[in-house]
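**Student:** Quick note, the sequences are listed as chains A and B, same order. Mind the numbering: the first sequence is residues 34 to 117 in the numbering used here, read in order. Mind the numbering: the second sequence is residues 34 to 117 in the numbering used here, read in order.
Hints are not guaranteed to be accurate.
Put simply, identical chains are the same to the list, so a pair is met inside one copy or across any two.
[Claimed, not checked] List of simulated lysine to any residue pairs, SDA-like, C-alpha gap at most 20 Å:
| no. | residue 1 | residue 2 |
| --- | --- | --- |
| 1 | K113 | L43 |
| 2 | K63 | L109 |
| 3 | K113 | I85 |
| 4 | K58 | L68 |
| 5 | K61 | V81 |
| 6 | K113 | P54 |
| 7 | K117 | L90 |
These aren't lab readings, by the way, just hints derived from the structure by calculation. Quantities reported herein were computed from a predicted structural model and do not represent experimental measurements.
Number of protein chains: 2
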Amino acid sequence: MEFHEILGYLAAFFTTASFLPQVYKTWKTKSTEGLSLTMYLVFFTGIVCWLIYGIYLNSMPIILANTITGISALALIVMKLKYK
Amino acid sequence: MEFHEILGYLAAFFTTASFLPQVYKTWKTKSTEGLSLTMYLVFFTGIVCWLIYGIYLNSMPIILANTITGISALALIVMKLKYK
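My request is simple: use the sequences and hints to build the entire structure.
**Tutor:** Laid out in structure tokens, this is it:
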């Protein structure tokens with residue numbers, strides 16, 4: 034594996050890892066008061082764009098990171114709508 | 034500009050835009066109680082990796098998005114340390 038690929042996977046790991054505790058905390062507490070629905074909708078739209086961009090670039094780290102983050106963001110949006 | 038480039042810039046715009054209100058709110062209220070320092074340090078590390086990965090791929094959207102998000106995340110880390 035080349036250096037820039039390792040870097041890409043590290044990037045994917047770190048940014049995804051920093052996002053997951055929010056999902057876990059929200060799922061555990063069912064409290065979504067601190068979450069802004071608008072911001073998460075904008076964020077999710079961006080993630081979907083990154084995902085398609087990653088497929089175009091044929092970049093596995095981008096595809097992987099944005100698939101996991103996209104599913105997580107969608108889960109937060111669903112919880113926000115469900116537990117309000 | 035090709036389709037995938039437009040998509041990259043849209044992605045950069047949306048994910049950056051969804052992050053900026055947090056920076057503005059924290060700067061305005063000086064309240065950093067809800068922010069996890071560990072998570073922002075992990076996130077910032079990931080952003081730096083994405084930035085270098087973007088330079089390797091020569092992808093302007095990745096470079097642009099992660100420069101702005103990196104500076105914003107660093108600003109939040111500084112505020113977290115300053116206003117605790």
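**Student:** Could you run down the list of hints and mark each one as holding or not?
**Tutor:** Checked hints:
1. K113 to L43: neither (30 Å within a copy, 25 Å between copies)
2. K63 to L109: within (10 Å within a copy, 26 Å between copies)
3. K113 to I85: Neither: 25 Å inside a chain and 34 Å across chains, both beyond 20 Å.
4. K58 to L68: Answer is both: 12 Å inside a copy and 13 Å across each meet the 20 Å cutoff.
5. K61 to V81: Classified as neither: same-chain Cα gap 26 Å, cross-chain 30 Å, threshold 20 Å.
6. K113 to P54: Both, since 16 Å and 18 Å are each at most 20 Å.
7. K117 to L90: Neither, since 39 Å and 42 Å both go past 20 Å.
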